[in-house]
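Fit chains V, C and U to the known structure of chain W by using the hints.
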Amino acid sequence: MKQRLSTLMVAAVMTASFAAHAQQPAKKAPPPAKAAAPAKKEGITAEFEKFREVLEEDNPAELFEAKGEDIWKNKKGPGGATMAQCDLGLGAGVVKGAYVQMPRWFADVGQVMDAERRIVHCMVKYLGYKEEDIRKQPFSNDQRTPDHVSVITYVAAQSRNLKIAAPQKHAKEIEAYRIGKEIFAYRAGPYDFSCATCHGDDGKRIRTQDLPNLRKPAEAVKAYQGWPGYRMTGGFMLTQQWRMNDCFRQQRFPEPTYLSDSITALLAYMTVTANGQVYKGPGIKR
Amino acid sequence: MTAMKKTVVCAAAALACSAVLADEIRNYRAEAVAMMKRDFKTRGIATADRVHEDGLQAVCNRTSDNPPKDIAARLERDQLEAVKYPTDGKLMGDWKAGEKLAQSGRGMTWSDKAGVPGGGNCYNCHQISPTETSFGTIGPSLYQFGKIRGNTPEMQKYAYGKIWNAKAFNLCSAMPRFGHAGALTESQIKDLVALLLDPQSPVNSK
Amino acid sequence: MADPMKIRAQMKGDTAEIRVLMSHAMETGQRKDNAGATVPAHFIQAITVDVGGKRVIQGQTSTSVSRNPVFGFKVKGAKVGDKVVIHWEDNKGDKRTDEAVIAA
Amino acid sequence: MDALRRTLLKGAGATGAIAAAMAAGVLKPSQVLAAEYNRAAFEAKDVAGALKNIGAGGATDNTGIVIKAPDIAENGAVVPVDVSSNIPNTVSLAVLVDKNPSPLSSAFDFANGALPEMALRLKMGQTSLVEVVAKTADGKFYKAKKEVKVTVGGCGG
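Chains as they are written, first to last, in the working numbering: chain W, 1 to 286; chain V, 1 to 206; chain C, 1 to 104; chain U, 1 to 157.
For reference, chain W alone in the conformation it holds in the complex (with noise of 0.2 Å):
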């Protein structure tokens, strides 16, 4: 108890003072271990890069993308009313490109929303979903892919091949990429992981799984256009909200609210890094 309070008090001094220290020089990593390693690992991520294009080429997420096309053309809501009439920040109706361009304001909710919230808006709004049923099971799960999740991959793959493009032109739109930066490198819990702590260093690893240097906008797109992205554990679709979602899981943190303003401010915090990009998604991931 009197280490957590002596610490507690340096912390406060650390608060006024980090202006003082920001410029100091990074601290050295510790020294590596002088251990001869067998050298396997490159030839891991390479053995995989060789077999990734024949993956990507024939990828099961068309096969929700289909679905998705389905639903967001043909499917009424009470009314008749389709997804023609929503807005995904291009117009009423317009898919081609606007998933590369969210998160976004939206003045007819007076909210930044990334592409999974916008869409999940539409649903209910235009097709008749209930928001509850849709928050009971938001992510995919192998009994069952959400239909919303099948409009999402739909959406996302009408960008293919377009540049990302989050606009940063609302206040609110910087406030969320603002506070997204933070809550990326915030470290907290019972294992001080942040954000960062995976995703903030070059050419590191968990296991065999390469983590993109997220502060990178040529390491963030790789991130970025992973989800939508056909798990090939489980074998179904999952989301940009479900990564974030689970890796806050695996950071040890409690759980963050579905379509909630943390996860939106960090969506654009990753998509607002990787503008410029060229999107290449849906993706297929281990």
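Derived from the structure by calculation, the hints contain no laboratory data. Just so we're clear, the structure is a prediction, and the values are computed from it rather than from any experiment. Possibly wrong hints are sitting among the right ones.
Said to hold, decoys possible - Below 16 Å or equal to it, Euclidean Cα-Cα: the simulated EDC-like pairs (lysine to aspartate or glutamate) are:
1. Lys222/W - Glu53/W
2. Lys172/W - Glu31/V
3. Lys149/U - Glu255/W
4. Lys6/C - Glu57/W
5. Lys6/C - Asp70/W
6. Lys68/U - Glu147/U
7. Lys280/W - Asp58/W
8. Lys50/W - Asp82/U
9. Lys32/C - Asp142/W
10. Lys41/V - Asp246/W
11. Lys99/U - Glu43/U
12. Lys37/V - Glu255/W
13. Lys6/C - Asp58/W
14. Lys83/C - Asp98/C
15. Lys41/V - Glu255/W
16. Lys149/U - Glu132/V
17. Lys50/W - Asp71/U
18. Lys12/C - Glu117/U
19. Lys90/V - Asp78/V
20. Lys6/C - Glu62/W
21. Lys6/C - Glu56/W
22. Lys6/C - Glu69/W
23. Lys76/C - Glu117/U
24. Lys157/V - Asp88/V
25. Lys68/U - Glu47/W
26. Lys68/U - Glu49/W
Unchecked claim - Partial pick of chain W residues on the chain C-facing surface, computed with a CB cut under 7 Å:
27. Asp58
28. Pro60
29. Glu62
30. Gly235
C-beta atoms are modelled at their ideal positions from N, C-alpha and C, and glycine is treated no differently.
Chains V, C and U only, in chain W's frame:
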């Protein structure tokens, strides 16, 4: 943050702080933390209070993991003093049990059950035994850890302390404080020490 | 009702390359659901491919094939415009037939 | 449809009547397929049992069979494999995963211009040999194999 508060904080630290910069950073950080406290909810064993930073996290969060040397040294010393070493004086357990623990990535998530012992998560970040080719690179390779350093009582104490609380040696290390956080028990840490230092462990094989 | 397949067929030289994605759980019968109950085996057992009205490929499959199966075949002598008809059926009697036309 | 009639799927027990009917276009594919599922081969618990039940017990090693598969799979749930045979007059290919509970994953017959080559994705519960059996028009069987390692991938929790 109001202008008055900002002035007080700057004055208190007696620093010529850039008001604009400090304000922006503090402002967004505070907003981010407030937002997370609103949005993050208890699920299973992962309780909502986990989004509150503790003192050490606060220091690292406010310095982008680069605390001033003098402060870091003092806090590392505090952490080291709080390491609980086994009362029986034995620091090495069973390396085979240690290898199993090192493999497991479970523990303390909202999908883990209360009372079920967690894993060490070691291979997620470290190379360890040469037989396991699926290893992460967030932390340094631990292959031949004991072969290089020897198996002295001092080295055992260091390894135990490092696993119990990595922050006692590097204040803002990415490695969790497994003992301090209650993520690993005393006997589990002993098994991991054995995995690293036991001459029979594959970690130290040719 | 089974979901549609996604079929791509394209000429490369004198050979048609046919790729097909199928929507199917391919349950092994060994997995347990969240409640602990065994999920019964459910998998595609048989597949046929017809090109230009002729049976060119027929096969049988088991639970060792991945969920949402992907297959690729090559057929020599096919022509642009030929119809490709792919049919599958599973161990529960579900079936599905879809077609595509070979593109240039 | 001679090649298809000589299918390895039917094993020893299949009668010519069904094949002839199919070739003549009398039966709908579903009837043919349902009648012919080679349960004994697909439910065999080991490679030897599966091979025996497709009549390939005496298959000999042959380098004319090409197996393209990763040395290490990114995920054992989806292992992309491309198999082909350069052995003249290959009419059928079967793909087995030796450590799976039921090793025989698939068997395909090729006719009317279809090349003895196919791409598919396999489940592999653990590091295993992928074995491929080719059957030629004269009823002979050949085989080849390649090891694919399956590792732990993500956070493991």
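Hint numbers not upheld by this structure, sorted from lowest to highest: Result: hints 3, 19 break, sorted rising.
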